[in-house]
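Novice: Our numbering numbers the first residue of the sequence shown as -1 and each following residue consecutively.
Please keep in mind that the hints were generated in silico from the structure rather than gathered at the bench.
You may find that some hints are simply not true.
Stated by the list, open to error - Just the calculated beta-carbon pair ranges, DEER-fashion: (1) S64 with R24: 27 to 33 Å; (2) S87 with P47: 23 to 29 Å; (3) E104 with N30: 38 to 44 Å.
Yeah, the Cβ is synthetic: ideal placement off N, Cα and C, and Gly gets one too.
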Amino acid sequence: MKKKPRIYLTRDSVCLGDDFSAPHEREWILKNENDLLGIINQCKADYLPTNIQGNNPGWIAKSGQSNIAVVAQNWKEAKLISTALTIESIKNEKGNVVLHFEYLKEHEPEDVFRALSENA
-1 MKKKPRIYLT
9 RDSVCLGDDF
19 SAPHEREWIL
29 KNENDLLGII
39 NQCKADYLPT
49 NIQGNNPGWI
59 AKSGQSNIAV
69 VAQNWKEAKL
79 ISTALTIESI
89 KNEKGNVVLH
99 FEYLKEHEPE
109 DVFRALSENA
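Build the full structure now, drawing on both the sequences and the hints.
Specialist: Structure follows, in C-alpha coordinates:
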(Lines of atoms letter the chains of each structure in order from A and count residues from 1; the text may use other names and numbers.)
(Lines give C-alpha, C1' and ligand atoms only; values in the text may rest on other atoms or scores of the structure.)
Protein backbone atom coordinates (compact mmCIF):
# COMPACT_ATOMS: atom_id res chain seq x y z
CA MET A 1 0.00 0.00 0.00
CA LYS A 2 1.36 3.39 -1.00
CA LYS A 3 1.96 5.87 1.81
CA LYS A 4 -0.29 8.92 1.62
CA PRO A 5 1.46 12.23 0.87
CA ARG A 6 2.58 14.11 3.98
CA ILE A 7 3.22 17.59 5.25
CA TYR A 8 6.50 17.69 7.15
CA LEU A 9 6.97 20.65 9.48
CA THR A 10 9.91 22.10 11.39
CA ARG A 11 10.42 25.45 13.06
CA ASP A 12 13.07 27.56 14.73
CA SER A 13 13.14 27.88 18.48
CA VAL A 14 11.92 31.15 19.98
CA CYS A 15 13.91 31.10 23.22
CA LEU A 16 16.43 29.06 25.18
CA GLY A 17 13.80 26.87 26.85
CA ASP A 18 12.21 26.15 23.48
CA ASP A 19 15.49 24.64 22.20
CA PHE A 20 14.80 21.49 24.19
CA SER A 21 12.69 19.88 21.45
CA ALA A 22 14.08 21.70 18.39
CA PRO A 23 13.54 21.45 15.44
CA HIS A 24 9.97 20.74 16.63
CA GLU A 25 9.19 18.19 13.93
CA ARG A 26 5.59 17.43 13.09
CA GLU A 27 3.98 15.37 10.37
CA TRP A 28 0.45 15.62 8.97
CA ILE A 29 -1.31 13.76 6.18
CA LEU A 30 -1.72 15.91 3.06
CA LYS A 31 -5.36 15.86 2.01
CA ASN A 32 -6.66 16.53 -1.50
CA GLU A 33 -8.77 19.45 -0.27
CA ASN A 34 -5.76 21.21 1.32
CA ASP A 35 -4.73 24.52 -0.21
CA LEU A 36 -1.49 26.31 0.59
CA LEU A 37 -2.94 29.23 2.56
CA GLY A 38 -5.14 26.80 4.49
CA ILE A 39 -2.13 24.70 5.46
CA ILE A 40 -0.16 27.75 6.58
CA ASN A 41 -3.14 28.96 8.63
CA GLN A 42 -3.52 25.49 10.16
CA CYS A 43 0.16 25.70 11.15
CA LYS A 44 -0.51 29.10 12.73
CA ALA A 45 -3.38 27.68 14.76
CA ASP A 46 -2.11 24.20 15.62
CA TYR A 47 1.68 24.20 15.33
CA LEU A 48 3.35 27.57 15.90
CA PRO A 49 3.59 28.96 19.46
CA THR A 50 0.78 31.40 20.22
CA ASN A 51 2.05 32.94 23.44
CA ILE A 52 5.30 34.64 22.42
CA GLN A 53 5.91 37.92 24.22
CA GLY A 54 6.67 41.03 22.16
CA ASN A 55 5.06 43.49 19.79
CA ASN A 56 4.11 41.16 16.96
CA PRO A 57 6.13 37.94 16.73
CA GLY A 58 6.21 36.36 13.31
CA TRP A 59 7.54 33.64 11.04
CA ILE A 60 8.56 33.11 7.43
CA ALA A 61 7.22 29.86 6.00
CA LYS A 62 9.84 28.34 3.71
CA SER A 63 9.85 25.45 1.28
CA GLY A 64 13.50 24.63 0.68
CA GLN A 65 15.14 27.99 -0.02
CA SER A 66 11.88 29.57 -1.22
CA ASN A 67 9.93 31.98 0.97
CA ILE A 68 6.26 30.97 0.86
CA ALA A 69 4.39 33.11 3.40
CA VAL A 70 4.67 35.38 6.41
CA VAL A 71 2.76 34.57 9.58
CA ALA A 72 2.28 36.95 12.50
CA GLN A 73 0.93 36.05 15.90
CA ASN A 74 -1.63 38.88 15.90
CA TRP A 75 -2.76 38.56 12.25
CA LYS A 76 -6.03 36.79 11.56
CA GLU A 77 -4.38 34.77 8.78
CA ALA A 78 -1.05 34.31 7.04
CA LYS A 79 -0.04 36.19 3.89
CA LEU A 80 1.32 34.32 0.87
CA ILE A 81 4.39 35.93 -0.72
CA SER A 82 2.98 35.25 -4.20
CA THR A 83 -0.54 34.35 -5.29
CA ALA A 84 1.05 32.03 -7.87
CA LEU A 85 2.19 29.64 -5.12
CA THR A 86 0.17 26.43 -4.75
CA ILE A 87 0.52 23.09 -3.02
CA GLU A 88 1.49 21.55 -6.35
CA SER A 89 4.27 24.09 -6.90
CA ILE A 90 6.01 23.20 -3.62
CA LYS A 91 5.56 19.42 -3.51
CA ASN A 92 8.78 17.43 -3.58
CA GLU A 93 9.50 14.47 -5.89
CA LYS A 94 7.52 12.13 -3.59
CA GLY A 95 4.46 14.40 -3.54
CA ASN A 96 5.13 15.63 0.00
CA VAL A 97 5.16 19.20 1.28
CA VAL A 98 8.10 20.17 3.49
CA LEU A 99 7.79 23.46 5.37
CA HIS A 100 10.15 25.18 7.76
CA PHE A 101 9.12 28.21 9.83
CA GLU A 102 11.92 30.71 10.39
CA TYR A 103 11.36 32.89 13.46
CA LEU A 104 11.41 36.65 12.81
CA LYS A 105 13.34 37.64 15.88
CA GLU A 106 12.95 41.41 16.34
CA HIS A 107 11.62 42.00 12.82
CA GLU A 108 8.19 43.43 12.08
CA PRO A 109 6.26 40.82 10.04
CA GLU A 110 4.52 43.46 7.88
CA ASP A 111 7.90 44.94 6.85
CA VAL A 112 9.28 41.47 6.08
CA PHE A 113 6.19 40.59 4.04
CA ARG A 114 6.40 43.83 2.06
CA ALA A 115 10.09 43.30 1.25
CA LEU A 116 9.66 39.66 0.26
CA SER A 117 6.57 40.24 -1.89
CA GLU A 118 8.28 43.12 -3.74
CA ASN A 119 11.09 40.74 -4.69
CA ALA A 120 8.86 37.75 -5.54
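Novice: Against each hint, give a clear statement of whether it holds in the structure.
Specialist: Hints and how they fare:
1. S64 with R24: 27 to 33 Å: violated, 20 Å
2. S87 with P47: 23 to 29 Å: holds, 28 Å
3. E104 with N30: 38 to 44 Å: Holds, since E104 and N30 (Cβ atoms, about 39 Å apart) stay within the stated range.
This entry does not satisfy hint 1, going by the numbered hints stated previously; all others are met.
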